[in-house]
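Enquirer: These are the residues of each chain, in order.
6 protein chains.
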Amino acid sequence: MNKTFDLLTLGELLLRLSPNNNERIARTELLQVRAGGAELNVASGVSLLGLRTGVISKVPDNDLGRNIKNRIRFCGVSDDFLVYDKDKYARMGIYYYENGAHPRKPRIVYDRCNTSMDKISIDDFDDSIYSSTRCFHTSGITLGLCEQVRETAIEMIKRFKANGTIISFDVNYRANLWRDEAEARDCITQILPYVDIFFCSEETSRLTFGKEGTVEDIMRSFAAEYPMMMIASTQRIVHSPKVHTFGSIVYDCRGDKFYQEEPYHNIEVVDRIGSGDAYISGVLYGLLARDFDYRIAMEYGNATSSVKNTIPGDMSSSDLKEIDSIISAHKTTGRVSEMDR
Amino acid sequence: MNKTFDLLTLGELLLRLSPNNNERIARTELLQVRAGGAELNVASGVSLLGLRTGVISKVPDNDLGRNIKNRIRFCGVSDDFLVYDKDKYARMGIYYYENGAHPRKPRIVYDRCNTSMDKISIDDFDDSIYSSTRCFHTSGITLGLCEQVRETAIEMIKRFKANGTIISFDVNYRANLWRDEAEARDCITQILPYVDIFFCSEETSRLTFGKEGTVEDIMRSFAAEYPMMMIASTQRIVHSPKVHTFGSIVYDCRGDKFYQEEPYHNIEVVDRIGSGDAYISGVLYGLLARDFDYRIAMEYGNATSSVKNTIPGDMSSSDLKEIDSIISAHKTTGRVSEMDR
Amino acid sequence: MNKTFDLLTLGELLLRLSPNNNERIARTELLQVRAGGAELNVASGVSLLGLRTGVISKVPDNDLGRNIKNRIRFCGVSDDFLVYDKDKYARMGIYYYENGAHPRKPRIVYDRCNTSMDKISIDDFDDSIYSSTRCFHTSGITLGLCEQVRETAIEMIKRFKANGTIISFDVNYRANLWRDEAEARDCITQILPYVDIFFCSEETSRLTFGKEGTVEDIMRSFAAEYPMMMIASTQRIVHSPKVHTFGSIVYDCRGDKFYQEEPYHNIEVVDRIGSGDAYISGVLYGLLARDFDYRIAMEYGNATSSVKNTIPGDMSSSDLKEIDSIISAHKTTGRVSEMDR
Amino acid sequence: MNKTFDLLTLGELLLRLSPNNNERIARTELLQVRAGGAELNVASGVSLLGLRTGVISKVPDNDLGRNIKNRIRFCGVSDDFLVYDKDKYARMGIYYYENGAHPRKPRIVYDRCNTSMDKISIDDFDDSIYSSTRCFHTSGITLGLCEQVRETAIEMIKRFKANGTIISFDVNYRANLWRDEAEARDCITQILPYVDIFFCSEETSRLTFGKEGTVEDIMRSFAAEYPMMMIASTQRIVHSPKVHTFGSIVYDCRGDKFYQEEPYHNIEVVDRIGSGDAYISGVLYGLLARDFDYRIAMEYGNATSSVKNTIPGDMSSSDLKEIDSIISAHKTTGRVSEMDR
Amino acid sequence: MNKTFDLLTLGELLLRLSPNNNERIARTELLQVRAGGAELNVASGVSLLGLRTGVISKVPDNDLGRNIKNRIRFCGVSDDFLVYDKDKYARMGIYYYENGAHPRKPRIVYDRCNTSMDKISIDDFDDSIYSSTRCFHTSGITLGLCEQVRETAIEMIKRFKANGTIISFDVNYRANLWRDEAEARDCITQILPYVDIFFCSEETSRLTFGKEGTVEDIMRSFAAEYPMMMIASTQRIVHSPKVHTFGSIVYDCRGDKFYQEEPYHNIEVVDRIGSGDAYISGVLYGLLARDFDYRIAMEYGNATSSVKNTIPGDMSSSDLKEIDSIISAHKTTGRVSEMDR
Amino acid sequence: MNKTFDLLTLGELLLRLSPNNNERIARTELLQVRAGGAELNVASGVSLLGLRTGVISKVPDNDLGRNIKNRIRFCGVSDDFLVYDKDKYARMGIYYYENGAHPRKPRIVYDRCNTSMDKISIDDFDDSIYSSTRCFHTSGITLGLCEQVRETAIEMIKRFKANGTIISFDVNYRANLWRDEAEARDCITQILPYVDIFFCSEETSRLTFGKEGTVEDIMRSFAAEYPMMMIASTQRIVHSPKVHTFGSIVYDCRGDKFYQEEPYHNIEVVDRIGSGDAYISGVLYGLLARDFDYRIAMEYGNATSSVKNTIPGDMSSSDLKEIDSIISAHKTTGRVSEMDR
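Chains as they are written, first to last, in the working numbering: chain A, 394 to 734; chain B, 394 to 734; chain C, 394 to 734; chain D, 394 to 734; chain E, 394 to 734; chain F, 394 to 734.
You can't tell identical chains apart in this list, so a pair holds if it fits in one copy or across any two.
List of simulated lysine to aspartate or glutamate pairs, EDC-like, C-alpha gap at most 16 Å: (1) 481 / 733; (2) 724 / 654; (3) 714 / 454; (4) 462 / 712; (5) 650 / 610; (6) 462 / 422; (7) 481 / 573; (8) 554 / 520.
Hints are computed from structural coordinates only; laboratory data are not their basis.
Work out the full structure: start from the sequences and follow the hints.
Expert: Right, here's the structure in full:
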């Protein structure tokens, strides 16, 4: 399996504009520019850990498209599969984010309608793409964007699958992208037969897919319905916008085994956005680089997500050495040095 | 009661200059400019929640006076009753504020002597002002500024009262504005017969007014002496400069009923200044917009104050929708979404 | 003529996002937030000079709409005629601006399609608006936005005119808003019969309206066709992005007289955006506050525009005292103090 | 002549607060903090060039006093003669400065009344101060502050003179500090008999002292009246706030010789404040370090002032090596390297 | 004992470059410049508390050397004993620091090889230095820099001791400066016979010096071997990068008495760097200014260190008044005001 | 000629740290981080114009190495040939840059000794590199770094040449890298026989290589000695640090033809660093993408260099569209729009 890429992801790229510190969108004079988008976050996380990744997307052929292209490259993700929209009115998706502090929650304002991504088509890409990667990942956000994107995504999943690519999928249910939960469920269940690695929160499993019982019951039920390799659910406790606990459960469908560890407690949250995507990047790295060892995948997922919470921006900034040292400190019961120097 | 304004407040406007983050006044190279002043904070809080307010004050006719005028308008407060001091040496009151972090306390340096506000006179305003508002608010800070301001304030209270305006008063005792507590008490007791809505902390009630017994005893004692409608005391616990608990007790003098709720715990304090004023703005909004429902007033007061602590600057920045959602989350025992999007 | 407002303007409000100094949109990490929009710029300029103004527009009912509402108030313009779009996908118009430096030109990226403004309707406003102002101003940008806005604008012009309001119109031709020059001309000529005060550059007069001869010939030709009071053309020479010369010519149609003065040379341009709108604000102020003295109007126009070039943001920040002192220095041949203190 | 200090200066210390770049005081959100004061500027300039200096002043014993004390030390000036005002209401003098851009002038707002400096007294200092320095410098600003400061200054001049100290004095006429020019003249002429080194602009010589004729005539006239060693006048041409020309003329009273050189043309002005003080620091350095060579003093004055214009803040930041290289480049007609590396 | 200085310290000066807030070195666009170096931190802490201090070091004769010289003066430390390295390739030691947030640790990257400090020689200083101070302090970092520095340091210790100076020494073991613990031990034990005041952590006592038993046993063991006056160990608990507990134990060797107090809990850590040095500055201040009262020394040490954690940069910024009020609040069990105003 | 890269360059990568605006290195509190290095600048300029480039260099395996790696990718240059130095004391080359303003020159402080680059070896790279690119570029800076780098560079030139790669070389004489001009000449003349495209300033030709006569004579003389294809010299006039004129002369050695155009006048210089490298990138782009058309190469060189001067940082930020529009405006004599929108 000598592919050019370890991972390609499909998703919308977004510029995120945020006030500094605790300033508010409704009155700020300054906005920080960051790149985001769930699937980009996954690709960049995997890339920083050392694998070769790229992102499949469509952006306007203007200064904002170039700004995000540069940022993608900055974090080590290939821009080979960025398609440029030359329409005069082409636009970049934007979202605005402000930090929270208890009892005030973090806050997002989206401005992502009618973007270049909404015009992405299967014809924008050469067929060689489907044999170029070991793993393909996308999410329910992509499926929810619009009809045109949905069709492109489903067709891509099928073509990648047909070329022996591992398919990873994160449900990532967002109420504001779907008419209702039924619409989301009907769409997503179409692609579940193709999915090898499945990420779905317990809450979405219950509310959207109508699953019942313990989280283990839920996972077994998915595995019974679909030929999945692995299912993972994150388990986050939000004590306040600035303090979280994070852990997860990973299910080996074929071995019928569950993997968990002591969660990360008292995470000092700086920026919560993208930590779910960082989890996926850790898991995918663990699987792809460590021969599908589910325990290791879960450990990489938990560590990568926990540490993502402590840095600003949507994307991870941890290399392998950092994640390894975090895992090691997490497992240690003895004395740990207070500083890396 | 078809008045132009719901609330007018009388008080000094101050420019607040603060170092960023945890930098110190004694060595900073940069100062953030914010507008402040207890009574402006109250007016702006009420204005953001949706009522029509204005502030009565005197500022220099120079660039600093214009800077604060712009900021007042920015937060929705009318500048119709700002009077401009054209004296060549007219000056704006300034204060410097630095954040604390345990065991270091927040710190304030005042530079508010001989300001334009000290020259404010009853003759600066047309008589029509006294029939233009449903409610008038001022505080013990205004009374403590200087003789000239004190006389103006007391005369205004009388004229507003004579026009059927509800009088709101916050004792807000500040040791550095009075010779001693006796001076403060003697002055303030002059205006208590005119006060309908009375804000006084338990500590000040004891130390300045010599009250004894429980907080309920104290409130009943004030109500016995003066024809007040309502009395409120905030109850703040300062665990550290960055963690507070906030609640309050409201007393319906005529119905002889007390209102309280579970306080807001673990407030992640970003900027504590103005949270007492925000409390008053919440209470006044509740009273004026919700037909003097004391329970609702207390809830708006607690929520508005708690959330003020989480944003930088002296003034609130919450609109009604935000406060309603905070109250609702505070009362919920079930699952609450982690983010507003 | 005892109206509430001296001037109301109709136009789209835009948030302008700009990199600092000479940084570029395509790679910036920070964006400065400013409010803009040609007709808002005109209103704010007139307001800062001392008249009562308001802006008629439609913005989303979200944090971005609130951000711009605050900024409008900040500069003294009434937000009484802002209508809020409660649609879930309502969006604010945005544009990105970067400064130039010879041989690199300033640069703008627009993202203003499908905004709340595009839905503005004559039915959004009470009829009382049409008798509330002495003067109404809009521009060709508003006419060019979309069919819905165009209809609203034309109907407003008619209704204001019917109520005896002075109609001011700036052609402000922007190629990217119109299919071609013919479309612009056909639309604009519909409203010219209603226009009293007409702003049109010499270049647009030639290219769009097919005028010929000297600039005086052109002005006389417009006056011959339409019952205008006054016509003005700015005369800017762009030596480089950082050095301009600015003057103008004003034509009194009824008196058949032309007004000009020595242009402002060597303007040290900090931010060129909005200087054309500042010109209009100076002229309208001169007319409305100085009894339609065309010479004074031209002088206020030239000074307000010249000084606008020296400050950041789309909007003027000069009060009357500043403009008067600039005019006075411009006319002086003797010694002038180097600093205002 | 083995004194501890080469130069002591007497004057008010001021904190200067300035918006960034071209932002305006009337609307800024950020202020840069700098230290200033004419006589401090002179001392720090001399100190940076390599001599030992100190400043005599009185500041509040609070965080703002400490801020400026730190800044004084930062630039190498001794704080041994700073006296601290422990009054509860002690205040620091402040001024606000904004940059200009043609046709808008730079702008200053003063807030320097009732400061700690106004209480400075001859009794605040030990008599040993009068024998500790080779040269003492003060200016007409100090004389104009208030009666108390004036008396202190005049007495100090006498005591320093009595101890054989060279007395340097800069008229530095500021209209807003004096009732009228007669008051300034009457005060200043009292101290001229003590002055050895005299700085006075041609304009002030004419307007305040009623001198006539050429600048050479004026200088000779002063020298005829008073036993001065040297008289200097700067000759600045303000082409615009961002472009100046700077030169000066120095008169050796005893040798009856004038010194001039080709002025510095096309100075790219970044911050003009303090460049007059920098001139004095260059001249004093030249005199004190180069054995009273007037030509060298003039060259150091011109270079130090010219280069001061190119850096932000009131104080010089040039060391001797930099000034020497600027003088050398100024005199060179051949090829000069474009960069210092 | 009428010496010019109360304390001189010998050590390398470092510029510290740090990203803002939680940004990362590996991707930052901005670096904050601060001065640091363990022994400078000690001197500046003592200086701010009111004693006369200086630092002995060697820096390049370039802009970076000047930058740090200015900063040293800014915090009240004498630069009389800074020696300048005029070598063309002279370099300043630099280190990069990024803040942590659990589970991510703070992080340091050193760039301090081949600096000017490495060339410091006993011949760079006049012999008068050895009789100019009451106390001399250095640390194991200085000994570990290189052979040349080590020799200079040891010779200085001997000469200071010979002049009756109190010798203070902090082991401050840093693994990356020594080949192994044996090398450190062999070097340090050479100078222990000269040490009067000895700072050594319990961990280093065990690992490097092979001590055993309780911390009291360890201290008694050092005192048995060497003629020390006082030994101190800090006791820090790192709950997370943002929450520490801090206390210490001080041993009076001659009186055989131990001093401890309730530690400071829940310190809201802003910047942990230099808090160990701040501890030493508090202890040395207590000893030198309060007649070697060990209890007071311990209290000053604990308070100065705790509060250092709450401010950015390596150096303390607390004056005596602040430390006294922190000690007083720490000891109070009753009501404490929430703010300093 | 189907190579992976169009251009590979060999050179040291440097982090550039600069104060903002006109602040000075000797006192700044903030440093902007940028990537630089002459050969990186060339590669990134060519990459932005649309060709495939990479940079050959060695950087430390730490956060600073990662910072620059990210920046390299950000501007589209491949990091495939970055080698990482895992030495514990590995260091990144740094330089500090401050802007000038007449009469103060821009200023650079280097800290680039003993960096990872100094250890680069021919053995760090696989032989496949030599057949992977159409063109190889390096400069005299690389040759001057140290013996080890020089040997590596010369050997690389030979191996690339042997594989049919076009060799481009820029003399870029820097006095501080060589013992004297003779050393530089002796070294450089070794590699001139391999050079196809040669960049050398007229001044260096005369001083270092002893050439005489007109610039045309000089070029012909080089071409007579060595088998070059093309020689280019830039012609810059530095009116002041903020105003330059830029042009160049290109010589077609085989066709014996010279190419020149009207220089760019009145360039509004924002950041001069890297504009010489930008010239080379424009020329190489013109040659490689436009079939070695020397006129076009010269035009691209002049435009790319001129516009580089107007943006901050060492590297170009212009894409092909921008450069084409600048060339087109430069050649136009008619009306040009003032802004790109």
